[in-house]
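Asker: The listed protein sequences correspond, in order, to chains A and B. If you're matching positions, the first sequence starts at 1 in my numbering and goes up one per residue. If you're matching positions, the second sequence starts at 1001 in my numbering and goes up one per residue.
Careful, some of the hints might be misleading.
Beta-carbon label-pair distances, calculated as ranges [claimed, not checked]: (1) GLY1079(B) / ARG363(A): 44 to 52 Å; (2) ALA1134(B) / LEU326(A): 54 to 62 Å; (3) GLY1079(B) / THR20(A): 53 to 61 Å.
Going by beta-carbon spacing under 10 Å, a handful of chain A positions derived as facing chain B [claimed, not checked]: (4) THR112; (5) LEU114; (6) TYR130.
If you are wondering where the hints come from, they were derived from the structure by calculation, not from laboratory data. Where is the CB? At the ideal position from N, CA and C, for every residue including glycine.
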Amino acid sequence: MNFFLLSLIKAAVVAFVLLTTLAYLQWVERKVIAHIQVRMGPSRVGPHGLMQPLADVIKLITKEDLIPPYVNKFLYLAAPFLAITMALLSISVIPFGGGFSVFGDPTWMQLTDLNIGVLFVLAVSSVGVYGIALAGWASNNKYSLLGGLRSSAQMISYELPLSLAIAAPLLLANSLRLRHIVQQQDHFYLGFIPRWNIFQGPMPQIFSFIIFLIAAFAETNRIPFDLPEAENELVAGYHTEYSSMKFAAFFMAEYANMVTVCSMTTTLFLGGWLPLWPESLGSNYLPSLVFAGAGAVALYHGLNPVRPRDRLTLPVVAAVFFLLALIFLIPAGHAVLAPLFWFAAKTGTLLFVFIWVRGTLPRFRYDQLMGFAWKFLFPVAVVNLLVTGIMVAVFS
Amino acid sequence: MDVLLFLIFASIAVVCGVNVVVQSHPISSAVSLIGVMGSLAVLYLLLGAEFIAAAQVIVYAGAIMVLFIFVIMLLNAGGETRRGRSFLAQLLGVPLLIAFLGLMAYFVQQLFPGSPVVHFGAFQGGTAQAVGRALFTQFLLPFEVVSVLILIAILGAVVLAQKEMD
Chain A
1 MNFFLLSLIK AAVVAFVLLT TLAYLQWVER KVIAHIQVRM GPSRVGPHGL MQPLADVIKL
61 ITKEDLIPPY VNKFLYLAAP FLAITMALLS ISVIPFGGGF SVFGDPTWMQ LTDLNIGVLF
121 VLAVSSVGVY GIALAGWASN NKYSLLGGLR SSAQMISYEL PLSLAIAAPL LLANSLRLRH
181 IVQQQDHFYL GFIPRWNIFQ GPMPQIFSFI IFLIAAFAET NRIPFDLPEA ENELVAGYHT
241 EYSSMKFAAF FMAEYANMVT VCSMTTTLFL GGWLPLWPES LGSNYLPSLV FAGAGAVALY
301 HGLNPVRPRD RLTLPVVAAV FFLLALIFLI PAGHAVLAPL FWFAAKTGTL LFVFIWVRGT
361 LPRFRYDQLM GFAWKFLFPV AVVNLLVTGI MVAVFS
Chain B
1001 MDVLLFLIFA SIAVVCGVNV VVQSHPISSA VSLIGVMGSL AVLYLLLGAE FIAAAQVIVY
1061 AGAIMVLFIF VIMLLNAGGE TRRGRSFLAQ LLGVPLLIAF LGLMAYFVQQ LFPGSPVVHF
1121 GAFQGGTAQA VGRALFTQFL LPFEVVSVLI LIAILGAVVL AQKEMD
């Protein structure tokens, strides 16, 4: 199979999985927030509200697409397009897993391996600011303008600690290629401590991991740093004047940025697709165990049904889980799917942290937000980078 | 392929550059300038200088132009009004422009006669490693002088901002 066709298929698969993830991430967020606030969350459309994303998409497509008068039409239309394009673009350099072969053709679970991969992600995310800033200005609305202003100031400020936090693990990795960065985190200290960048000597990157995560909250405009869309001051911030699919584009861009940032954190600090403990201690049985456990729970509830229809549906769900557990036990299936499992597990945990923080923390005041970035986060990131540089120079 | 991509992005750069001057609203000019920066980055990429291309997007398109747009939005600058051009400008503008472009073309021809065509991938010195090595060996003194210059600019900005506050 030639390179072009293979890349096309990989791009299609990644795009499909990413867009489905974005739709269901929103469902997960609503469910988790609901349970944090002791509510049920979406529960009407499909079992446990599982069809809710589909219903939302239909609702957004069929809504009236309103263009207010007195907007700058070109920039007003270009802004959501820019935001969603830049948000979806950076997933193309993220490595999801190791190598595998399709009909004898070796390939990687990654769309493209740029030798400036890290810089590419930074560049794309820095251009993504324009989507929000221009949307705020072109809407010709004071709340939108304030949202756009806040967002551009906040994103420039937090890009500095973010970049400095990325630079420190790069000193350990000695490469800008994301696949190299994951590969050099392979192997274990003392046979069981993973050599991920947050544990790796000579300078464990635990501080830059925390700085990166905090800056990532600001870069993605998430609570507690969601000042650009603070609804009690700015209606809805930069997307106040947008409706229908143009609103959906901003909405999706926010979630796509979350996925990108979490994948980058996994790749840079948490060892990408590598397992948490070595295979000699049985890490390759974990996926099967997780799926078998989920299947057992579903089967138990199927045998002791709360509602009559559970007697039929839950055993089917259980069978699917058991099948997945079996696939992970087959060596060929395991070799391809286990890296994906670990990558998804780490990224998913980080995404859960994002949602968890939203359910827990209140919003910052704007001057606190800026003061925190410049007076605390930036100096700490510089010191961390300096110490890492000295340690790397002395010990290697 | 190289020539085609070069022509496409070079013409985008030129059109955007002309647009910066022609547009009457500051935001439109700034957006055109971002277009210039972006197409310049693609031209660097075509030359095989991927690190410079990424730095171009991150620093110019991603940071400096965001600040420009931020300031324009903050001041809420409106579109400028066109006044009639002076008689002299109307008379001499186009001939002078043509003369200037001709002079430029002549000097380029004289300074770089028959320089070889650059092909994508032919130049190997554009990786992050190569740029870093060049900066810290061959160009160490200019690099340090520039960083001192930037430090002076930062100090100047702090002093000016403090004067404003007092």
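Asker: Look at each hint and say if it fits the structure.
Answerer: So, going through the hints one by one against the coordinates:
Between GLY1079(B) and ARG363(A) the C-beta distance comes to about 36 Å, which lies outside the given range of 44 to 52 Å. The supplied range of 54 to 62 Å is met by ALA1134(B) and LEU326(A), whose beta-carbon atoms lie about 56 Å from each other. Checking the proposed 53 to 61 Å range against GLY1079(B) and THR20(A) shows it is violated: the Cβ atoms sit about 44 Å from each other. A least Cβ separation of about 12 Å between THR112(A) and chain B goes past the 10 Å threshold, and the interface hint is therefore violated.
For LEU114(A), the suggested interface contact is upheld, since its CB lies about 8 Å from the closest CB of chain B, less than 10 Å. At a threshold of 10 Å, the smallest CB-CB gap from TYR130(A) to chain B is about 7 Å, leaving the interface hint in force.
The earlier numbered hints that this structure contradicts are 1, 3 and 4.
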